[in-house]
Amino acid sequence: MGTTRSRVRRTGTAAIAALSTLAMVAACGSGGGDAAADGPVTLTMTVWGGDVDKKSYQERIDLFEASQDEISIKLQLIPGDKYEQKVQTMIAGGDGPDIMQVAEGVNVYSSKKQIIPLDDLAADAGLDLEERFGPVGTLYSYDGSVYAVPDRSGAMIVYYNKDMFDAAGVEYPSADWTWEDAQTAMEQLTVPGEQWGYAGAGWWAQWWSFAYQNGGRIIDEDGLPAANSPEVVEALQWANDLTHVHHVAPTAAEYADMGPDMGGDPAFAAQKVAMNTTGFWAINSLLEADFEWDIAPLWQGGEQAVSAFGSGLAISRDSKHAEQAFEAIDFLTDAEAQAVIIKNAQDVPANLEVQASEEFLKPAWATREVNMGAFGESSAFVFTSPLIPEWNQMQAAFDDSLSTFWNEGGDAKTQLDAVQQKLEAVIKPAR
Amino acid sequence: MAVDLGEALGTVRATRSHRAGGRRVPRQKLTRRRKVEARWFWLFISPWLIGFVGFLLGPMVASVYISLTEWDSFTPPTFVGGDNYVRALTEDPVFWQALRNTFFYALVSVPVGLVIGVWLANLLNKQVRGRKLFRTMIYLPTLVPMVATAMVFKMVLAPSGPLNDLLGLVGITGPNWLLDPTWVKPALVVLSAWGAGGATVLLLSAMNGVPKEFYEAAEIDGAGPVRQFWSITFPQITPIIFFNLIMGLIGAFQVFGQVYILTKPVGGPDNASMMMVPLLFREAFSFYQFGYASAIAWLLFVVIIAFTIVAFRTSRRWVFYETEVR
Amino acid sequence: MAVATPITPAPPPATRPRHEHTPARTLKAFRASPATYAVLLVVSAVFFVPFVLMVSIALATDATSATNMFTIIPTEWEWSNFADVFTATGLPVGRFVLNSVVIATLSAVGQVLSSSLVGYAFARLRAPGKNLMFMVVLATMMIPAQITMIPQFLLFKELGWVNTFLPLIVPNFFSNAFNVFLVRQFVSRVSGELDEAAQVDGLGYFGIYRRIVLPMMWPILTAIAIFTLTAAWGDFMGPLIYLNQEDTMPLALGLQFMTSTSNAMQLPPWNLVMVGSILLTVPMIAVYYAGQKYLYEMNLSGGSAGVK
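Going down the list, the sequences are from chains D, G and S.
According to the numbering used here, the first sequence holds residues 1 to 431 in order.
According to the numbering used here, the second sequence holds residues 1 to 326 in order.
According to the numbering used here, the third sequence holds residues 1 to 308 in order.
Honestly, the hints are just simulated from the structure, not real lab data.
Just to be clear, a hint being listed does not mean it is correct.
Said to hold, decoys possible - Only pairs whose alpha carbons sit at most 25 Å apart, straight line, appear in this in silico SDA-like list of lysine to any residue:
| # | chain 1 | residue 1 | chain 2 | residue 2 |
| --- | --- | --- | --- | --- |
| 1 | D | K82 | S | D247 |
| 2 | D | K55 | S | L98 |
| 3 | D | K413 | G | A272 |
| 4 | D | K55 | D | E288 |
| 5 | D | K54 | S | F30 |
| 6 | G | K132 | S | F30 |
To be verified - Sample of chain G residues at the chain S side, in silico, Cβ under 8 Å:
| # | residue |
| --- | --- |
| 7 | Y139 |
| 8 | M155 |
| 9 | I172 |
| 10 | W230 |
| 11 | T233 |
| 12 | L280 |
None of the values given here were measured: they were computed from a predicted structure.
Note that CB positions come from ideal geometry on N, CA and C, so glycine has one too.
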């Protein structure tokens, strides 16, 4: 199957390549061929991010290269917002990287067989994904197979401004809070026009958490969209009413007045909001802040649920050294290499052993007490995001129908009905 | 006075053309000469021709083919005939919305930009102290990266930002610009006007080439600066204004970066500022529907070429070439 | 070629350089009134705002940058941000600059050489099929580059040009539609009588191009050089697609890493982003400022004399 597909694809894209090279002397495509002979192998690995990411991945690669002398890795850093496009072009050209970082878009590649299933390789290497990563281990799955090994994975957490809580005499947030507790606290922490109890939940990772807490699912067990179920509607209405009915979170207009490109993260740093739900990355910019703050796991609804952000490492079908690539991935996600992620304050390592380690709980760079245990605590109730191949279309459907709703308020049911209609047109149910 | 001015110009022309010798060439020589001339024409344009055939024609033909297929850029394309075109024209409401938005943007921003550009160029063409500095300042928005300009615009267009403060002074309650489906397009037009100084480079260069004796002749007839602008400067620079018009139209129909960086989500609230190229970009690189995206691109091509042809037709009435372009 | 000499007419009295006019003798059309100054001052100030804000953000502390609470006028002066871009990021900024200079300069040279030839032909020479060819030139601009990008990548990959500067530079030696159209418009403005006279005197088409048309094209070729330089200097999409190794990247692409974050929702360090933007902008401001001399202040003896 694999070889026929490959041959078909080669003719397919060859047609386009031939048309592209139309008037030029058509080069007789002599691509490929040099199959892996034994001996030293160099792999390419694409990741996105900035300088801290480059540093962390390179240090981990250095550790891997020092551990053996058969495989070396060439790291290719790509600016984050251009990553998908660059990788798409590389793959279209038949030159997919051996190892590629993937995230929510993973199943675009897996559903089109551009990355390979890793189950057999994992079994051969004796790697138990559940054991190493917990429930996140099989996050990057499609059609019953795992396509990427988790590398970074951190739950969304609650950042809270201790000074504001103390001043208002409100108890600090915890995972035991219900929606009512959270809303009451937000109300007590709000000073109209000056300070808001909460930063708002307009981003999918935020309000989807509430939908899952409420027993809703965006995509149901059968792979069908369920975006307008009563549970999801109720959660979305609650999330949006915090802004437009209860005024405990800034409106889009109020954010725009605070500064350019304003949102929850900078507003929390600017002490405009008492609570913000976001990822690990905000810690770094708050270390120098001149107010007291800490983090806690997200509160709960009918049940506990929270989204997580992360990325995994996958192997492209263009790779001629899948085994070596997997060996590298295995090493990079093992404790020694994962510790680098936390040492550089890059992200939360997906490896549970590292998440529970002293290096993670009391990181060397923490200039103040931070409740890092909140991440481990949250890991227990992270919900599995519906990483469908049509992920980007799904996000666009929500964006298109909800942007005015978030900006100005309104009826969640009406909007989600519209979203549902779009999703049904786009998402083909799983077989 | 108009007559005097015309005569003045006529005089200059007459003397010069007299000096430069006749335009008429003996008839019978034309054909042979024309053949040689045609050969030279092809020789001169060969750099472009080779580049076109070598680097552009293939990819263009490929994209026509892709537009007739379903292709995700990874797996083999499936031929679907005109389905993608049918889908765009009959099934996709966002396509029509994007097309309307793009029309609005192009038909408002291009004239606005041209008027501001010509006006500024005319001011800069005067004997102003420190004009090198002024020229640089007015050209600056073209050089500053979009990301910086976008930050400014997010500040200026904030609901209680400086622009609305200004409107408040005259008793107008300003809208929420970038957050409001009705106002996000005008906001993009304002952003494009900000870059109108870019046109001044060519306009100034053209104005500088207008012979001073024209103005001297006009001066003797007592024409004021406004009159001199309309009777001398403007007609002389119409070819460059025309160039800016065509390029402005082509550019505006393909507006991309501004929409991408200024509106969130891309396309603004309710797709109110979704334009054609951001739409096809999203289809190609976010939804992996390269066939559909290519179809949109070719539909856009048809729209642009129609507008360009109209512009060329009307140009015969207002663009003045010293030599006929044959 | 001796033939060229008699063709150039004696400069008419009015073609002396404009700056020789004493203020008292300035023509009305060029007289600047207080209103002119007022308008120019206001417009310049408005257009200058993004630059000021860029500087203001570039000089903000990390703490301010984390809050997005920027002021248009700088209130903080964190000059070390500039050093940070070079040192703390670990990016080979010097190498980026060198790559940019090479790519931008060669691109500009290619465009100037090729578009002057092609543009001249479209403006002056007659041939059957010329109008059709010109429509094709224009049409190439009307198909969004985004859509031909992948086919073009496949083409350059077949040629083995990926991971070299060739896809970024070589096409410039074959001119582009914008510049061809621009030269055509510019040359069409001025009378063709000189070349016709030259022809009568036995100067060939290439001779006319070299001796008569090219000299008067300098302002427009300067403009093309500036446009190409700034476009190539600021382009990061082409380099992103074709270059894989860090040490081959130009500045504009290298600076993208400063705006890039570990997670999609994370905000970039705005202060460093703006330092990068300034580094990218200032050389082009200098190019434009210096280029003005050739764009506008030149005594276009060829051009003026060519106008009847």
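Review point. Going back to the hint list, which numbers does this structure go against?
Key: When the structure is compared with the hints, numbers 5, 9 and 10 turn out to be violated.
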